[in-house]
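Chains S and W, in that order, are what the protein sequence lines are.
Position 119, counted from 1, in the first sequence is what the working numbering calls 119; the numbers after and before it change by one each time, with no gaps.
Each number in the working numbering comes from the position in the second sequence (counting from 1) with 1000 added on.
Hints are all accurate, no fakes.
List of simulated lysine to aspartate or glutamate pairs, EDC-like, C-alpha gap at most 20 Å:
1) W/Lys1102 to S/Glu40
2) S/Lys41 to W/Asp1038
3) W/Lys1102 to S/Asp39
4) W/Lys1088 to W/Glu1049
5) W/Lys1061 to W/Glu1123
6) W/Lys1102 to W/Glu1070
7) S/Lys41 to W/Glu1068
8) S/Lys41 to W/Glu1070
9) S/Lys41 to W/Glu1108
10) S/Lys132 to S/Glu92
11) W/Lys1102 to W/Glu1068
12) S/Lys132 to S/Glu14
Note that these hints are calculated values from the structure, not bench results.
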Amino acid sequence: MNQTMGDQPHIRVELLSDPNYLAGVRQLIAGVTQRIGFDEKSCSQVALAVDEALANVIRHGYSRACDRPIWVSVWTVPANDEAGAYLRVVIEDEARQVDTCDLQGRDLDDPKPGGLGLHIIREVMDEVEYTKRSPRGMRLTMTKHAPRADESAPDAPKEG
Amino acid sequence: MNRHRTLRKKGEFQMQDAALPVRIDSLDGVTVLVPRGDIDMSRAPSFREHVRRAINAGAPKVVIDLSEVEYMDSSGLATLVEAMRNAKQASVALMLCGLHQKVLAIFEIARLHQFFKIEATVEDAIAAS
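Sequences and hints are given; from them, build the entire structure.
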């Protein structure tokens, strides 16, 4: 397995913006994170974050059109003597561009349907960055470090 | 795979939702819904329709047994939030039970675990007031 995180993705998947394909990407992400040493809870939560990001592209970016392209690129770095495992996932699309300042999770104090996806992404992943692609579309870069053994036992969401 | 899609206009396909298998039981006058499989963006509309029908059917209590659901995303959560609001308006007691740890974790991330009435088993949910 490649020990560095260069420009070339370790995995790159192109899929159509059809929600029926989300399950396949979830399985891919869960399998990769498990292989580099993430615990079971972290594997499922990273898969959830990626699922939510793809669903947002389909729902908001492409207005539910199911024949548009989405690219998922994955870089992994397994644990070594100096640092724990981590992965980076980049999701790119050709959807309408939005001002990144507008991409905020909603207030959770008022439970209501919808608007939870971005909150979940920010809650699960360590680093989340939206940028505009050139000449069109958006790029979401997410990074997740494997929790240390002493972090992974309790099931406590991050405060934020 | 184009069977999943309908042509919206030339060159643009609109997604068609996937059906979610849901078993419907009636125990002691309580309607129990038992969905099976992942509840994600593709299946949430089917789930929403099952829940809507159950709430509108007139039973005083509806229990959603999630013991056969190992994955749920925010689409499923949104469906349940909407269902809870509709149930309150219809004076129907809506309860959840059988949540897998992974599914419960999603409720906790979204800070919705205290918004719902959640019991361990169907029997507990039926007995709960």
